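Residue numbers (the numbering used here): 12 to 321.
A hint or two may mislead.
[As the list claims (entries may be wrong)] Quick list of in silico lysine to any residue cross-link-like pairs, SDA-like style, CA-CA up to 20 Å: (1) 280 to 238; (2) 280 to 309; (3) 280 to 248; (4) 280 to 252; (5) 280 to 301; (6) 280 to 235; (7) 280 to 190; (8) 280 to 244; (9) 280 to 270; (10) 280 to 241; (11) 280 to 315; (12) 280 to 308; (13) 280 to 245; (14) 280 to 234; (15) 280 to 38; (16) 280 to 242; (17) 280 to 303; (18) 280 to 249; (19) 280 to 166; (20) 280 to 304; (21) 280 to 305; (22) 280 to 42; (23) 280 to 237; (24) 280 to 307.
[What the hints assert, rightly or not] Cβ pair distances, simulated, as ranges: (25) 64 to 234: 44 to 54 Å; (26) 152 to 106: 21 to 31 Å; (27) 136 to 249: 32 to 42 Å; (28) 264 to 159: 42 to 52 Å; (29) 301 to 29: 43 to 53 Å; (30) 234 to 134: 43 to 53 Å; (31) 304 to 118: 25 to 35 Å; (32) 30 to 118: 16 to 26 Å; (33) 194 to 267: 39 to 49 Å; (34) 308 to 25: 25 to 35 Å; (35) 259 to 114: 36 to 46 Å; (36) 29 to 320: 36 to 46 Å.
Calculated directly from the structure, the hints in this document are not laboratory data. Quick caveat: nothing in here was measured; it's all calculated off a predicted structure. C-beta: ideal position from N, C-alpha, C; glycine also.
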Amino acid sequence: MSVVTEQTRQPSSYARDLWRIHRLEYPFPIIYVCHVLWGASLAVAEPADLLSAPVLITLVANIIGIISQNPLNAALDIMGDTHTAGKESIAGATRRLSPAVGLTCAAVEMVTALGLSTWVAVWLGRPLIAVGVLLALLLHLAYNIEPIRLKRRSYANPAYFGATFAFLPCVSTYPAARGDITLSAWLFFLGLGVLLFGRSLWWSIPDMIGDAVAGDRTPAVRHGARHALVVACVWTAVALALLGAGLWQYGAGWAVLGVLACSAFLIDKFGLLRHISDQNLPHESAMRKRSLSLVMGADILLCLIPLLAG
């Protein structure tokens, strides 16, 4: 009986560990979908166009490309995750699966993402579709692998997330629906990239102890948690101005609505400034469940505004 029980548990446990190293817990799957929908939503003439084959394939390619970073990072960051409150389960899942499984998952997913995006790029004759994915994948490698390892290079760390989780997916998915990228679209893409820069800088704060143990000199490790949070707030404010300019094409009301939705995150971080310190760091799990819910709501609205207003 015990053997049968163990055998029935193994597939479930294996699946849970794969799920964990891919960072697919709430609310990340919804946020990933929003990240790849931003560019396409801005480009389509009507919502039904999102279901066209080129757009759908490009969206899938970009989601796979984004997610592929997570098992790669899990395989190479076991030490840091072990010392980060809320991330110990990622390190545990990686050990149970083995780092080799994480690296294999990342490699297969990267090849799949590049293959799908290249197929659509050739099909439509729009190379940006594949270029956006290729650059993001190269940055995934540069972020995690020595000797470059952008993760430990101060502000290159959050800049990487702004590029690979926002700006480049937009650059890839927009051309799948429309051939020309307008100035308003570029402002919107840039605003999203800067917004992710600020969010990622904030998100790195709970990792401060683990990053220091692993030798990664992130802004929080170099300058302290409070300094990193202040810089995150400043750049988030800049991002709001860029997003407002990008959404202005739909009218002042829609632009203000988008800016206000994204401001909820900034206001929440202002509240955190009162008590954050290097000895009082926020917990990853609490941040994910509370603050990222605000982020998720704003991200969904940014996808919907072009579809509703256009």
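Point to revise | Hints that the structure is at odds with (numbers, increasing) | key: Hints 7, 11, 29, 33 are the ones this structure does not satisfy, whereas the remaining hints hold.
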